[in-house]
Amino acid sequence: MRIPCPYCGPRDSSEFSYFGDASRERPAIDDPDPAHWLAYVYERENQRGPFKEFWHHLLGCRQWLVVERNTATHEMLGVEPAREVALRRQTSGKGGPA
Amino acid sequence: MSRQSNRLVTGGRIDRVKQHSFRFDGTRYSGFAGDTLASALIANGVKLVGRSFKYHRPRGIFSAGIEEPSALVTLRSGGRTEPNVPATVAELYDGLVARSQNAWPSLRLDLMAANGFFKPMLSAGFYYKTFMGPTRKSWMLFEPIIRKAAGLGAASKLADPDRYEKVNLFADVLIVGAGPAGLAAALSAGRMGARVVLADQQSLAGGALLDEPVGSAADAWLQAALGELATMANVRLMTRTTVFGAYDGGTFGLVERVADHKGEPDPFEPRQRYIVLRAASAVIATGAIERPIPFANNDRPGVMLAGAARTYLNRYGVVAGRRVIMMTNNDTAYAAAIDLVAAAAKVTVLDARPSVAGGKAAWAAGKGVEVIPGHAVAQAIGYTEVKGALIAPFDIATGHCGIGFRELPADLILVCGGWDPQVHLATQRGGKAQWRADRLAFLPTGEPDIQIHAGAMQGTFSTPDCLREGHAAGIRAATAAGTKDKSPDLAMPAFAIPDGDPGAGFAPVWDVHPPEALGHQKRFIDFQNDVSASDLELAHREGYVSVEHLKRYTTLGMATEQGKLANVIALAQMARLRQLPIAEVGTTGFRSPYTSVALGALAGHETDQHVRPVRRTPFHDWNVGKRCVFLDTGLWKRAWFYPEGDEDVNGAYRRETKRVRETVGMVDVSTLGKIDVQGPDAAEFLNRVYVNGWKTLEIGRARYGIMLREDGFILDDGTTSRLSEHHYFLTTTTAEAAKVMSHLEWLLQTAWPELKVHVTSVTDQWGGLAVAGPNARVMLAEAIPDVDFANDKLPFMGVRMGSADGIAVRVHRVSFSGELAYEVFCASGHGHGLARHLERVGARHGLVVYGVEALGALRIEKGHIAGAELDGRTTLEDLHMERMASKAKPYVGSVLRQRAPMTSKERQRLVGLKPVDRKQRIRPGSVLQPHNGPYAGHGLGHVTSTTYSPVLGHSIALGLIQGGEARTGQIVDACYPLKGDTVACEVVPHHFYDPEGLKQNG
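Quick note, the sequences are listed as chains E and H, same order. For the first sequence, position 82 (counting from the first letter as 1) is numbered 82 according to the working numbering, and the numbering increases by one without interruption. For the second sequence, position 604 (counting from the first letter as 1) is numbered 604 according to the working numbering, and the numbering increases by one without interruption.
Just chain E, same shape as in the assembly (with noise of 0.2 Å):
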């Protein structure tokens, strides 16, 4: 499998490590609720099909990307650098990012 990286191009998927479900929301750092934490820790789907997550360029430029990906053929559908999609998140006032 290969990651089509916005820095490096595409590049093997042995270079990245895998941190699971982009689309769940972070909770603002100053959210005491703790259903919402424990919902963002814990609560993950084991989507089939067209699925955005978390891919870290570990041994490449270091940057955290959200890929999209079809879980079910390994298709790449997309992919963004995190921190901007992190602050499209803080910008359109949807509290916490990610």
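In short, the hints are calculated from the structure, not lab data. Worth double-checking, as some hints may not be accurate.
As the list claims (entries may be wrong) - Below, simulated SDA-like cross-link-like pairs (lysine to any residue); rule was C-alpha separation at most 20 Å, straight line:
(1) K889/H with A28/E
(2) K756/H with Q63/E
(3) K793/H with P774/H
(4) K166/H with R11/E
(5) K739/H with E53/E
(6) K739/H with Q63/E
(7) K166/H with L59/E
(8) K157/H with G79/H
(9) K166/H with D12/E
(10) K695/H with K756/H
(11) K739/H with G20/E
(12) K52/E with E75/E
(13) K739/H with R62/E
(14) K887/H with P34/E
(15) K166/H with G604/H
(16) K739/H with G60/E
(17) K889/H with P34/E
(18) K914/H with P989/H
(19) K889/H with D30/E
(20) K739/H with L58/E
(21) K756/H with A28/E
(22) K695/H with M884/H
We have chain E; now place chain H onto it with these hints.
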């Protein structure tokens, strides 16, 4: 036997000038360059080559390629021994040594053939029926005997002396298979200017064209194509290269047998090369493998695939038999019959079809081939080699022989039951293979991802059609890869190969049931695993309906060649038994590898020292000079201890520990993770990352901090120093350095992108030495004179810059040992100089150099936590650190760490342990159980760290135990069942040494 009695004087693609001498089972033979071991053995009249897996039946050479099920040999000797190599793919070289397998005491006299008399016992499911349930224990008794009697070759236990390597390769177009379709594809894609890799598993390119006589029209086309390809710099032809797997993202696994055709690789040459190839598009032109038809005793040496006999004749100039009986159900077999007749053999073709009018049969008859329609081989005659056959009228509708069989003499029985397209690379990518009755074969239903299919692998069996398909596939592939056509002329080299589709005329024949009068000789389906038609019938009677279950129950298709000959026949027989169409019985999917791949090739150069990178600290050479014994921790070579005289680790660390407490010691702490944190929001960032507060830390001061994971458990600890307004120097434990770095990057990039902070790993940029002990201050004051070491000028947790003999250093007053201690950091390149300078100065102050074992002893005495306590399951409360956590601010893990089960005092919490009998030692990892029992399950907790304490004069330990310090004063048992150890221990506070911290602060 005479020398190469079966070799023709002319013909073939061998080099008769280069004669190769070789040995098989100790006998010397000769062959030619271009031979395989199989072709050379046949040339020398050798028919008996091996013994079968279960029954030790004599076996010969059945095929001419990778599908060979029977002629498996062990090649070479010593560390280069390679078992289970098909003689049909082993290229001959001068001095080759091969041995037969699974025969004892010898190939010709195999006493284990007695297994054959117990055939009823060794039928399908033998292992399951015999060794499950009440008789299971007998497996222990019989296993060694059964393993010896049934098996393949044995691997060498010596290290392989050869090198293997691993490379990456990129291509616009990968073409798998250099047969007619693959070559035509390479021509068109190559002319368009695409970067083409054309890979073929054989030593020569040409595929099926290599079976055509030298000088024929097909051969002329082959030579023209190869000639043109050789002129294209953008086309790389890789022979002896198998594409064994197709993976995601246009990735393919290839193995190139660089030196398997030599006794030893040339200097610096690898034996094999594992290639990871990424292609934009791929033409799969993997061809087809001929399929046999089962008949009684069809495994006798001298029974062979019809196409294989043609290969031996036209490619190697070897006649496999002079008196030939051929059985077939289609027209493709006749080419072999005609060529054999031309080579002066007498050939009788038994065509199972009742009428052969209009096909190739008439043409063959005109060339002198005897054709008997509506007949089949009912049974082979001969034991260690074929002497003839019983032939009989055959009813194609029922698969049974009629009455009236007769004997025909023969030294070779050829069989052709159709062709199996090699759809492996397509099905590996999830494509399904579907039954096509008109081709009598499973064909791919579509082209998965970047694949384009061409030729026999999709059921196109006529050479001109393969050429046309390949030509079109090459254009499609190059276009898909984004190649702009640079060539005005894409026309194929003309071919003068007769058109026509020999695929027509296939009649289904899956089994030849002999006449009743002949009794029940075995009709083998999977030769290599000794699975016969009766095993399938048995499995069917016992209720097996799933193909996957059938495979596992009978072991069909599970040997080295993975059922390349057997799978389709077994499916068809299963369909007949179940009275279903073949399409409804299903097929099994194929997984990589296509053919077996040596583990050595996959490992490549990553062996011994090269399995992982080695990390050395900036003081490594200096440590080596001090006779340091190293300890591998993660990738690091850490200084373990520095023996004096013949000290072992116990002697050395006790001495080192004692000297640190008495005078002063120095230890290499460079392996600590070091992260540079810079930016105007750095303080805010640290404040969110650590449980304690960071906004009040002054410049020139350090602070100890603990980080939690998102779930509230402890991630790591370390000290972080503020070097300037916006610049912090963060340290982590050795073990968690990489994880902490990723964690910080994660938070900055995904959670708090608004924070203006940069983090950079500087672990390798800084070397660190810790100097600890009562004399540390006077020693460093002398070594680094521009720093004022007075207690009020450089207090505990103070940081100063200085110069040590001209080397710029950072001095951090922190203590892991409980002594007055400092950490001195310098740029890595100055490590050696700094160590020598401190050593020189330290000599006047009683300096001892100590290693990580003494470092551990000192910190356990002091009750400091380390990796064994920070095991990912402990909370702040467990380690008595909860008072560090700020209540005034949120931080990572602050909400979830407060869940009731994580703060409970009943959790396993940190305590100290002393053996009641002070002479005893406590083993790390011991399970803590109630004193004198009852011992149950995981007990009350476990011992995390242990050492001998020179200060106290006995063994001490840290442990995690239910209830923690509430048990102070209680006696518990530390149990180590693996060694039968039980040590009664007293629970004590975890600070054994200077609990008030007077020494480190003073």
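Status of the hints after comparison with the structure:
The straight-line distance between the Cα atoms of K889/H and A28/E is roughly 13 Å, inside the 20 Å bound, and the hint therefore holds. This hinted pair checks out: K756/H and Q63/E have alpha carbons roughly 16 Å apart, not beyond 20 Å. About 18 Å separates the Cα atoms of K793/H and P774/H, which keeps this hinted pair within 20 Å; it holds. Distance hint between K166/H and R11/E is fulfilled; the C-alpha atoms sit about 17 Å from each other, no more than 20 Å.
For a cut-off of 20 Å, the pair hint linking K739/H to E53/E stands: about 19 Å separates their Cα positions. A C-alpha spacing of about 14 Å is found between K739/H and Q63/E, which places the hinted pair at or below 20 Å, so the restraint holds. Distance check on the hinted pair: K166/H and L59/E sit about 19 Å apart at the alpha-carbon level, within 20 Å; holds. Restraint check: the Cα-Cα separation between K157/H and G79/H comes to about 7 Å, which is no more than 20 Å; the hinted pair holds.
A C-alpha spacing of about 15 Å is found between K166/H and D12/E, which places the hinted pair at or below 20 Å, so the restraint holds. Note on K695/H and K756/H: the hinted pairing holds, with a Cα-Cα distance of about 16 Å set against a maximum of 20 Å. Of the supplied pair hints, the one linking K739/H and G20/E holds, its CA atoms being roughly 16 Å apart against a limit of 20 Å. At most 20 Å may separate the alpha-carbon atoms for a hinted pair to count; K52/E and E75/E meet this at roughly 12 Å.
In summary, the hint linking K739/H to R62/E is supported, as the alpha carbons are separated by about 13 Å, within the 20 Å threshold. Using a Cα cut-off of 20 Å, the hinted pair K887/H and P34/E holds, with the two alpha carbons roughly 16 Å apart. At roughly 5 Å between alpha-carbon atoms, K166/H and G604/H fall within 20 Å of each other, so this suggested pair holds. Simply put, K739/H and G60/E have alpha-carbon atoms about 16 Å apart, close enough for the 20 Å limit, and the pair holds.
Between K889/H and P34/E the CA atoms are separated by roughly 16 Å; this keeps the pair inside 20 Å, and the hint holds. Simply put, K914/H and P989/H have alpha-carbon atoms about 10 Å apart, close enough for the 20 Å limit, and the pair holds. Under the criterion of a C-alpha separation no larger than 20 Å, the hint pairing K889/H with D30/E is consistent with the structure, at around 8 Å. Distance hint between K739/H and L58/E is fulfilled; the C-alpha atoms sit about 11 Å from each other, no more than 20 Å.
For the hint linking K756/H to A28/E, the alpha-carbon distance of about 17 Å falls within 20 Å, and the restraint holds. The hinted pair formed by K695/H and M884/H meets the criterion: a straight-line CA distance of about 15 Å does not exceed 20 Å.
The structure meets every hint from the earlier list without exception.
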